[in-house]
Amino acid sequence: MNALVVIVATILALAFDASFAEVFTLRSTGSITPQAMPCLIVFIALFAPETAAILVAILLGALVDLSPGHGQLGAGMHIIGPSALGFVATTFLILKVRNIVFRRRILTIAFFAFGSVIVIAAVHAFVLVTRGFMPWNPAAVGGGMGEFVKLFGTAIYTGLLAVPIGWCFLSTIGLWKFHSPTGRRATWR
Amino acid sequence: MLLSLLPATWLGWTSDVADLVRVPVTPFSHIGMMIKNWVRPSIEPFDLPTDEQERNDLAVAERDHYRQLYHGQMLRSTELADQLRMLQALPESALRNPQPPLVVSVDLTGMKPSDPSGFIELKLSRASLGRIREGDIAIVGRDIVGRIARVGMTRMELLPSTNKESGYLRAVIVPANPLLDDRPPLLAEILLTPTGKGAFTSEVPVNKGVQKGDLVVLDDPAWPQAGIGLGLGVVASIEQLDEAPLRQTITIVPRRRAREHANVIVLGTGSEATP
Numbered sequence: 053m054n055a056l057v058v059i060v061a062t063i064l065a066l067a068f069d070a071s072f073a074e075v076f077t078l079r080s081t082g083s084i085t086p087q088a089m090p091c092l093i094v095f096i097a098l099f100a101p102e103t104a105a106i107l108v109a110i111l112l113g114a115l116v117d118l119s120p121g122h123g124q125l126g127a128g129m130h131i132i133g134p135s136a137l138g139f140v141a142t143t144f145l146i147l148k149v150r151n152i153v154f155r156r157r158i159l160t161i162a163f164f165a166f167g168s169v170i171v172i173a174a175v176h177a178f179v180l181v182t183r184g185f186m187p188w189n190p191a192a193v194g195g196g197m198g199e200f201v202k203l204f205g206t207a208i209y210t211g212l213l214a215v216p217i218g219w220c221f222l223s224t225i226g227l228w229k230f231h232s233p234t235g236r237r238a239t240w241r
Numbered sequence: 005m006l007l008s009l010l011p012a013t014w015l016g017w018t019s020d021v022a023d024l025v026r027v028p029v030t031p032f033s034h035i036g037m038m039i040k041n042w043v044r045p046s047i048e049p050f051d052l053p054t055d056e057q058e059r060n061d062l063a064v065a066e067r068d069h070y071r072q073l074y075h076g077q078m079l080r081s082t083e084l085a086d087q088l089r090m091l092q093a094l095p096e097s098a099l100r101n102p103q104p105p106l107v108v109s110v111d112l113t114g115m116k117p118s119d120p121s122g123f124i125e126l127k128l129s130r131a132s133l134g135r136i137r138e139g140d141i142a143i144v145g146r147d148i149v150g151r152i153a154r155v156g157m158t159r160m161e162l163l164p165s166t167n168k169e170s171g172y173l174r175a176v177i178v179p180a181n182p183l184l185d186d187r188p189p190l191l192a193e194i195l196l197t198p199t200g201k202g203a204f205t206s207e208v209p210v211n212k213g214v215q216k217g218d219l220v221v222l223d224d225p226a227w228p229q230a231g232i233g234l235g236l237g238v239v240a241s242i243e244q245l246d247e248a249p250l251r252q253t254i255t256i257v258p259r260r261r262a263r264e265h266a267n268v269i270v271l272g273t274g275s276e277a278t279p
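Keeping their order, the protein sequence lines are chains A and B. Going letter by letter, the first sequence gives residues 53 to 241 in the working numbering. Going letter by letter, the second sequence gives residues 5 to 279 in the working numbering.
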């Protein structure tokens with residue numbers, strides 16, 4: 053896997069999610085906004101070697117946790133873990149099923165991007181609830197049904213965004229060099 | 005998993021790590037914010053056009069009046085401070101008069117678009133160094149959009165005033181058109197509660213005559229003096245409380261939000277930058 057391409061794609065995805073994504077925000081429906089990072093993690097999980105995919109998922113999740121507005125505790129502190137674990141869970145699930153799906157279809161990336169937003173949010177909620185059980189932390193407070201609806205809206209919107217982003221990824225798949233240099237056959241078809 | 009369970013007091017290092025990992029992202033994010041603002045510019049409120057001239061005349065008259073009073077008090081307090089310094093044998097630098105705030109324009113470089121009250125990342129430029137401190141007020145036009153939550157190594161963070169972390173705010177409700185309105189110029193003193201979803205709520209007695217569209221301005225001594233009198237929002241809805249017939253619950257919506265703009269003005273309380 054070409055590390056330079058992954059780094060560039062990560063920087064662009066982080067920058068997109070923290071700034072330009074506001075262009076697509078549906079303000080009248082509770083600020084539903086699509087995310088680029090789940091699309092990237094789905095693409096990497098579909099094609100990269102297993103170990104590399106898991107490592108990249110941890111790193112990208114930690115970077116998302118350190119982004120503005122994510123898991124902030126005040127005074128600039130961040131909770132590192134919710135997104136990192138969510139990305140790992142998503143990657144793990146995709147690794148389990150990637151051999152039985154049509155990986156080079158944009159619709160596959162879009163569907164997995166939709167699912168990844170749900171999985172990441174579920175892990176995020178689990179981590180925050182677990183954190184709230186610790187005697188030294190305040191209890192987690194949920195957003196109720198409104199947040200649940202917003203999550204599904206975000207998942208659908210991200211799935212739609214995954215169509216053009218997935219097309220870009222698949223068009224440049226040669227640059228990513230996903231095939232294993234030591235194996236006899238490529239890890240992607 | 006273990007990291008995410010640590011108490012907040014053990015996570016201070018994450019702010020420095022975030023500063024460092026955001027270094028390569030911030031330039032692209034900054035460009036993204038500028039393009040976003042060009043593609044989807046903020047919708048400016050109509051800002052009470054019906055009485056703008058009268059409002060400006062009134063403001064200018066009030067400003068001149070209070071400037072006179074301020075200078076008078078300043079001279080008197082300087083005189084008293086000199087006397088006190090001599091009596092207590094304090095150095096020349098002690099008991100100085102308060103400095104007016106420094107006006108610094110700061111660009112936005114990042115945020116979480118799906119969270120209308122989430123932290124906003126600001127560019128830390130050389131012009132801001134030393135001038136901006138934590139707790140300083142950020143404004144757009146005449147409206148408060150938040151306070152500086154942190155000045156880091158490579159960036160600053162803005163806490164929108166509608167974020168729950170802002171806590172309760174003391175404010176007053178004034179009519180939107182004071183010259184055309186026969187209601188008193190100050191309708192009610194209220195305690196605002198940020199909802200965390202881009203608005204405030206409060207309760208007000210029914211007999212105060214608060215109406216939709218009335219302005220809510222800051223009157224909180226816990227905030228920097230420069231922000232007193234600046235707008236926090238407008239009354240967007242009024243609902244009768246069934247359990248308390250003599251009180252109403254009101255929702256206040258900010259007229260301007262930092263996330264809808266490419267830059268904000270920070271009223272810095274730091275020292276003037278040295279040339």
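Hints are not guaranteed to be accurate.
Claimed, not checked - Straight-line Cα separation of at most 27 Å, BS3-like style, residue types lysine-lysine; simulated pairs:
{"hint": "1", "chain 1": "B", "residue 1": "Lys-201", "chain 2": "A", "residue 2": "Lys-202"}
{"hint": "2", "chain 1": "B", "residue 1": "Lys-168", "chain 2": "B", "residue 2": "Lys-216"}
{"hint": "3", "chain 1": "B", "residue 1": "Lys-212", "chain 2": "A", "residue 2": "Lys-202"}
{"hint": "4", "chain 1": "B", "residue 1": "Lys-168", "chain 2": "B", "residue 2": "Lys-127"}
{"hint": "5", "chain 1": "B", "residue 1": "Lys-127", "chain 2": "B", "residue 2": "Lys-201"}
{"hint": "6", "chain 1": "B", "residue 1": "Lys-201", "chain 2": "B", "residue 2": "Lys-216"}
Said to hold, decoys possible - Derived list of chain A stretches under chain B, where covered just means 3 residues or more per stretch with a C-beta under 8 Å from a C-beta of chain B:
{"hint": "7", "stretch": "106-120"}
{"hint": "8", "stretch": "147-157"}
Stated by the list, open to error - Over 10 Å on every C-beta distance to chain A, these chain B residues come out as not near it, computed from the model:
{"hint": "9", "residue": "Leu-15"}
{"hint": "10", "residue": "Val-21"}
{"hint": "11", "residue": "Arg-44"}
{"hint": "12", "residue": "Gly-76"}
{"hint": "13", "residue": "Leu-88"}
{"hint": "14", "residue": "Ala-131"}
{"hint": "15", "residue": "Gln-244"}
{"hint": "16", "residue": "Leu-245"}
Bear in mind the hints are in silico, worked out from the structure with no lab data behind them. Built from N, CA and C at the ideal position, the CB exists for glycine as well.
Status of the hints after comparison with the structure:
no., hint, verdict
1, B:Lys-201 x A:Lys-202, "holds, 13 Å"
2, B:Lys-168 x B:Lys-216, "holds, 24 Å"
3, B:Lys-212 x A:Lys-202, "violated, 37 Å"
4, B:Lys-168 x B:Lys-127, "holds, 23 Å"
5, B:Lys-127 x B:Lys-201, "holds, 24 Å"
6, B:Lys-201 x B:Lys-216, "holds, 20 Å"
7, 106-120, "holds (count 4)"
8, 147-157, "violated (count 0)"
9, Leu-15, "violated, 5 Å"
10, Val-21, "violated, 6 Å"
11, Arg-44, "violated, 5 Å"
12, Gly-76, "holds, 41 Å"
13, Leu-88, "holds, 37 Å"
14, Ala-131, "holds, 21 Å"
15, Gln-244, "holds, 23 Å"
16, Leu-245, "holds, 21 Å"
Checked against the numbered hints given earlier, the structure breaks hints 3, 8, 9, 10 and 11 and satisfies all the rest.
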